[in-house]
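Chemist: Below, each chain spelled out in residue letters.
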Amino acid sequence: GAGVSQSPSNKVTEKGKDVELRCDPISGHTALYWYRQSLGQGLEFLIYFQGNSAPDKSGLPSDRFSAERTGGSVSTLTIQRTQQEDSAVYLCASSPGGGINQPQHFGDGTRLSIL
Amino acid sequence: GESVGLHLPTLSVQEGDNSIINCAYSNSASDYFIWYKQESGKGPQFIIDIRSNMDKRQGQRVTVLLNKTVKHLSLQIAATQPGDSAVYFCAENIRGNTPLVFGKGTRLSVIA
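Residue numbers (this note's numbering), protein chains in the order written: chain A, 1 to 115; chain B, 1001 to 1112.
Calculated from the structure, these hints are not laboratory results. Incorrect hints may have been included.
[To be verified] Pairs of lysine-lysine residues, derived as DSSO-like cross-links and limited to a Cα-Cα distance of at most 30 Å, are as follows:
1) K1042(B) / K1104(B)
2) K1042(B) / K57(A)
3) K15(A) / K1104(B)
4) K1042(B) / K1056(B)
5) K17(A) / K1068(B)
6) K1068(B) / K15(A)
7) K1056(B) / K1104(B)
8) K17(A) / K57(A)
9) K57(A) / K11(A)
10) K1104(B) / K1071(B)
11) K11(A) / K1104(B)
12) K17(A) / K1071(B)
13) K1071(B) / K1056(B)
14) K1068(B) / K1104(B)
15) K1056(B) / K57(A)
16) K1056(B) / K1068(B)
17) K57(A) / K15(A)
18) K1042(B) / K11(A)
[Said to hold, decoys possible] Listed next, the stretches of chain B that the computed footprint assigns to chain A, with coverage defined by at least 3 CB atoms under 8 Å from CB atoms of chain A:
19) 1011-1023
20) 1044-1058
21) 1103-1111
Small disclaimer: the values here were computed from a predicted structure and weren't measured. All C-beta atoms, glycine included, are put in the ideal place defined by N, C-alpha and C.
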């Protein structure tokens, strides 16, 4: 597609369950980012992939959070043993990469609700 | 601590007036700044960007001003329209293609 695509758009699950969130970046973009946005707040960085380099995981809030990017394209963010404080909108963004300042383009996010 | 913040959490303007949204940043090493618009239920949408070697950049009905001396960024929207109602975020980047640091956002409400 032309933009960043995320699925599902909404996810409701019970506390303690695992969830997987998917991101399809813009074709050709080598940089991919995950952010989290809590209600009425700004965006909080989670993890960043650039090409084949090791991901920058410095923003992950706990070891229950992990992400992978297969084939340099699609990325999956996994949250294990979900807690109520994990409820938020999870946003994915991509950019062309290459060390040049370029805007990041965002998907519409996955709204995660933990019951 | 938070590197990017906003002076005004909410802003109400009359349709047709100009809007100015302000942002302060604290990291003098930041060299790239972006304004995003976020409508309800949507992801942030790129509006305009500016590099640290510039003071001003204009787009369609929008202008971004950068004052590096006082670490201040502003977004000016000319002839504000109802469709401009949204939350606006500024974001900064320390170097190319690294995670952005966002402020909490300003809600712009346009009064018809």
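Chemist: For K1056(B) and K1068(B), compute the direct alpha-carbon distance and say whether it is at most 30 Å.
Modeler: 11 Å, holds
Chemist: Tell me if the straight-line CA distance from K1042(B) to K11(A) falls inside 30 Å.
Modeler: 15 Å, holds
Chemist: Below or equal to 30 Å on CA atoms is what counts here, so check K57(A) against K15(A).
Modeler: 24 Å, holds
Chemist: Is K1071(B) within 30 Å of K1056(B), Cα to Cα?
Modeler: 14 Å, holds
Chemist: Sort out whether K57(A) lies within 30 Å of K17(A), counting only the CA atoms.
Modeler: 22 Å, holds
Chemist: Check, residue by residue, whether the region 1011-1023 of chain B contains three or more positions whose beta-carbon lies closer than 8 Å to a beta-carbon of chain A, and give the verdict.
Modeler: Violated: only 0 residues of the region 1011-1023 of chain B have a Cβ under 8 Å from chain A.
Chemist: Using a Cβ cutoff of 8 Å, are there at least 3 residues of the region 1044-1058 of chain B near chain A, or does the coverage claim fail?
Modeler: holds (count 5)
Chemist: Would the hint linking K1068(B) and K1104(B) be met if the CA-CA limit is 30 Å?
Modeler: Answer holds: K1068(B) to K1104(B) is near 21 Å, not above 30 Å.
Chemist: Taken at face value, is the distance from the CA of K15(A) to the CA of K1068(B) at most 30 Å?
Modeler: Cα-Cα ~46 Å, so violated.
Chemist: At a Cβ distance under 8 Å, does chain A reach at least three residues of the region 1103-1111 of chain B?
Modeler: holds (count 3)
Chemist: Measure nothing beyond the straight line between the CA atoms of K17(A) and K1071(B); if it is 30 Å or shorter, mark the hint as holding.
Modeler: 44 Å, violated
Chemist: Does the structure keep K1042(B) and K1104(B) at a Cα separation of 30 Å or less?
Modeler: The hint holds at about 16 Å.
The structure is inconsistent with the numbered hints 5, 6, 12, 15 and 19, although it conforms to all the rest.
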